[in-house]
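A.B. asks: Here's the letter readout for the chains.
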Amino acid sequence: MKTRLPDHGPLETPQFWRTLEERIETPEAQTAAHDEFLPGAVPSAFDDVHGLPPKNGFSRRDFLGLVSATAALAATVACDRKGQGTVVPYTKRPVEIVPGIANYYASAFNEGRRVYPVLVKTREGRPIHLTGNDEHPGVKGKTSPRTMADVLRLYDPDRLRAPKAGGRTLGWAEADTQLHTALKAAKASGKSVLLISGAVASPTRKALLADLKAALPTLEHLALEPAAGDAPEEAAKASFGQAVELQPRLAKAKVILSLGADFLNGEDPEALGAWGAQRRLKSAKDEINRLWVLEGPLTLTGTNADVRVPVSPSRLSAMAFALAKELAGKGMSLPAGTDLSSISAGVPAELGGNTKLWSNLIKDLQLAGRQAVVLCGAQMPAEAHQAAHLLNAMLGTEAIGIRPAEPLASVQDLQAATKGMAEGRYGAAMFWDVNPAYTYPQAAAWKAAVAKVPFTAWIGQVEDETAAQSHLLLPENHWLESWGDFNTPEAAVLQQPAIGTLYDTRQGEDVLLGAIKALGGSAPASYHAYLQGRWQQRLPLGTSFEQALHDGLVKTDDKGSAPAFKGASVAAAAKKAAESKAQGLELVLFPGFATHDGRHANNSWLQETPDPITKMTWDNPVSVSVQDAQALGIQEGDLVSVSLGGTSLLLPAVIQPGQAKGVLTLALGYGRTTGGVAKGVGVNAFPLMGLDPVSANVAKGVRLSRTGGKKELSRTQSHHRMEGRDLVRSLTMDEFEHHPQGHHPMPELVSLYEEQKFPDHKWGMVIDLAACTGCSACVVACQSENNVPVVGPEQVAKGREMHWIRIDRYYEGELENPKVVHQPMLCQHCDSAPCENVCPVNATNHSPDGLNQMAYNRCVGTRYCANNCPYKVRRFNFLEYTAYKTEPETLVHNPEVTVRPRGVMEKCSFCVQRINDVKIRAKGDGRTILDGEITTACMAGCPSDAIVFGDLKDPKSKVAQLVAASRAYKVLEEIGAKPAITYLADLKNPPTNGASTEGGHHAN
Amino acid sequence: MTDETRTPITNRALALLAGPFLLGQRALSLVFQKEDTPEAEPRTAASRITITPPEHAIKRRG
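Respectively, the protein sequence lines represent chains Z and Y. Following the numbering used here, the numbering of the first sequence begins with 25 at its first residue and continues without gaps. Following the numbering used here, the numbering of the second sequence begins with 16 at its first residue and continues without gaps.
Read the hints as simulated data drawn from the structure, not as lab findings. Worth double-checking, as some hints may not be accurate.
Straight-line alpha carbon distances no greater than 25 Å define the calculated SDA-like cross-link-like pairs of lysine to any residue that follow [stated by the list, open to error]:
(1) Y:K74 to Z:Q560
(2) Z:K164 to Y:K74
(3) Z:K230 to Z:P564
Being a predicted model, the structure only gives us computed values, none of them experimental.
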C-alpha cells in the first residue's frame, strides 16, 4: 500500500504545542513523544508494549508458570460466588414507573444566584442524568458541568442520614425540640439569632425568611456566597445603589470586551449558547463577533479571545477608565455627573506602545455602540467593575441584562457577625447550606467565636467543618428530593423532587417552617404546600400548577427597568484606578472549576475532570507565569511557599503560559478536612482572602519562594499526545475567506482494505472547533451517561484516566501570550479502524451502521487496540474501579450501559444505547429516524452546540451538510483510517489593519 | 542461547512454591471463614436503600 503523505514543511504548518517541555523541545519531551504511554501506564514487569526485557522481577514466562500452578486452587474458590444478588420484580409497582422506561422530570438547581433549569432522567425511580430544560428560553436545554455532576451528590455515601447531636443519632422529634427550645429561649431573652444561608434566589424562600423574621424579630440573616466575590457587590452598590444581577446577552453583541471575565467557562449556558451561535459560521461572509480580553490569569474566555492582552488585575480598571476617556474624547457621551479628570487618555503602558491595538479596540467599541458590551470578572477589584458599568452606560449596550438582586453578605458582614458571636450577642445560630468554618479567612477567630454561641444548628447534606462546630446537625434533602422555585429573566422556574427522600432527611425550608410554627407563627404543613399556595395565587390565567410542574417553568415577560447608572460614583473609583500600580506579585483567588467554593469538593466526577486550563485533576497548584517562573527558578511541580501577611501555604507550582507577569492564580474550594473524597485534596486558599470587600480576591504583595521538593502532578495535558502532527487547525477570518483548507492539502488516499458497506445508516459526528470553548461539559455528560469510572489521582498521574472524551488544549506561538485551541477528542469510529484489525478475539469490530463497537465480555485485555489507535482514545481498566462500589454509589449507574470490570478495554460508543432507543421507538412507530432525533450525551451536554451527530448517509442531515463545509477536516486523515468524526477548523477574528480602521471588520 | 535476563532458579522456584501456597491459604480462609466474626465497624445504615417515587411531582415524559 502506498499512501502519499501531505507536506508538513515547517514554514507552512503552524506549530502547536501542549506542554512547556514540548515547546522548548527538552530531551525528556522528545522521548515522551515517542513513548506512547506514560512510564507508569504499563507495569514494568510486564513490559510487553515496548518489547523490552524485564530488568527485574518475574518474566512473562515465570508469571504464566505461576498462573498455571495456581489455577486449580483458584478454581476451587471460584465455586463459591460471594455477594451474588437476586433480581426481584416489583410486587407492587409504583404507577409512574415502568421498568426499562426512563421518566423525565423538570426541576431546577441553583449555585449562588445562578439558576439552572434542568430535565432529570430517572430510571426505575433513580435520577441518573441531568440536562438543561429545553423549554427554558434562556438555557435552551443546556446546563453547566457542575450541575450535571451534581446528580452524583444525591448518592454521596457521606450524606448524613438522620439528625445528630453530640455524636448521637436522634429522631426528628427530639431534634425539633432542641431547635425550637433554643429559638424560643433566644426570643424570650431578646438576643439575636443568626441565620447564615446561601444566596436567596428563590422568591418563595425569600417569603419564608420574611415569615421567620416576623415570628422571630431578632433574626439576622446573611446570604453567603464566598466564591461569588465581594467586589461586584460593592461596585453595584456604588454604581446602581443596590445589588444587581448581570446576564450577558451575547446574541446581541458584535464586540465583547472582557476585563478578566470568564463567561465562557461553562457556568453560563445562555452565554455559551449565544457564543456558539455566533461562531458556527458556514461561510466567511457570515457575521462573526469579536472578543477582546484583558486579563491577568489565563481563563477559558481568554483562550477563546480574538485579541488577548495579559494585564495585571490591579491595572485593569486604569485601562478601562482610559478607554472610557478615549471614547468620550471621540464624542461618546458620558453619564451625568461622571468625572474622569484623574484619568489620562493615551495608550496604556501595558500595551507596550502598541498604538494600533489600542486604536483598534477603541474603534471596535465605537463602531459597535449598542452592540458592544464590557464584562468584568467577579474576582477583579471593584473599580474595574465600576469602569465596566461606566463603559456599558456610555455604549448604551443592549447586550447585557441588569436586574435587581437580593444582596449578598460581604466578608465584612461576616466579620461583624464573628465579632457579635464572640461578644455573646447571639442566643442561637443556624448555618444552612453554608460552610463558614471553612470559607471564612480567619478560621481560628471563627471557631473561637462560634464556641461562645449557646446553641448552634447546622442544616446540610455532608458533615463539614461547620457541622463539626455545631451542636445540632439536621440532615437536608438533596435538591433532587426538594421543592422550590427561582426567578430567571425569561421565566419563573420550579424545582420539584425527582425521587422520594433516600434517608430520614428534610429540606431546610421545612425545618424553618417548623420553627415558625413553634415560635407562634402560622404556616402550612409542608414547604410543598407553602410553595403551591403562593404559586396558585400568582399563576397566569389558564395555567395550572400541575402544568407548571410538567414544564418546569412559567414563561414571564420581565420588562422591569434596569437600575440607572450613577455617574457621580465614577470619580472616586477613577482616582483609585489612576493611582493603582502593579507592584510585586498579585495573587488572584478564583472558584475552582471542580469545587467552586468547596461545596462540590466531595464529587469525584468533578475532581477527576481536568481543569480546562491547567489540565490538573485532584489538586489546586498555584499557577505562575512563565516570566516569574524563570526569574524565580521554579519548575513544574516544585513545591513553593505562597505567603501573605502571617499566612503561608505550601503548594505545588505549575507554569502557565499566557498568564500575565507578576500574577499568581490559585483555585478556591480545595483543602477540605471532611468528606470521603474531598478530605486532603489540595490546599485551602481561603485564608489568603482579603478582608476588604473591594478587592478580596486579589491580594497584592504576595511572596513566593521555592521550598525544595517536588510533587507529582496528576495532570492530563501530556497524556495521549500525538507527536505534533497536523491535528488542530485554526484559521483567521481572512484565511477562512481565501484558504479555508489552510496549508493542508489532502492527497487522494489509496487503500487495500475493502470499502465498508453501510446498508441503512452511517453514524457520524462533526465538531466545530470555532464554537467549542473547552468548557468540559461534554466530559461530565459522557461520564454520567456511560458509567465512566473514577480512578483517583495516583492513577491519573500514570495516564490511566478513563474519560471517553477528553479536551486536548493546544498552544501556538509565544509562551507569554500563546493562541489556544481546544479540541474534543474521542473515538473516531474509523471505517478502516486500526484497532479492529489487531484485536485477537474480535472484541472490537464494526457495526453495519458504522460504529466501532466493543464486546466487553469478549475482551481479554491484550491492549493491542490501544497501542494501535492513532488517536489514543481507548481506555483500559487496569484496576477494578467499580465492582466494589455499594449502595448508594451504584444507584447513579445508567442501567443501559454495562459497567466494565478490570482487564477490559473501553471507549466511546457514540452512545449506542441512545441510538438503539431511538431505533426501537422509530420501528415501533413504523417510521424512519428523524434527523436530530438521536443525541449523544456529549452533544446534548455541549452548551455551545459545537457537536452535531447524525446519519452521514442522509444527504439532508445536518451532519452530512457540515461534513461538506469548507472548514471541514479529519484528524490524521493521511493515515487512511477514515474516521467518522469531522472537525471544523477553529476561527479567530482579529482586527486586520484595513478592516478595523475602516469599520469593516467581520463583526459589522 | 541463555536468557541472561532470567532471575536465578532459586528465586523462581521459591516463587512457584510460595505463590500457590499463599493463594491457597487465602482461598481456604475465604471458604472456611468464621461465621460469627463480628464486623470491625457496626453498620449504621440499612443494607438496601428504598427508592420511592416523588410525591406530588409531575413527570414531563416517560
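A.B. asks: Could you tell me which of the numbered hints above are not met by this structure, giving the numbers in increasing order?
C.D. replies: Violated: none.
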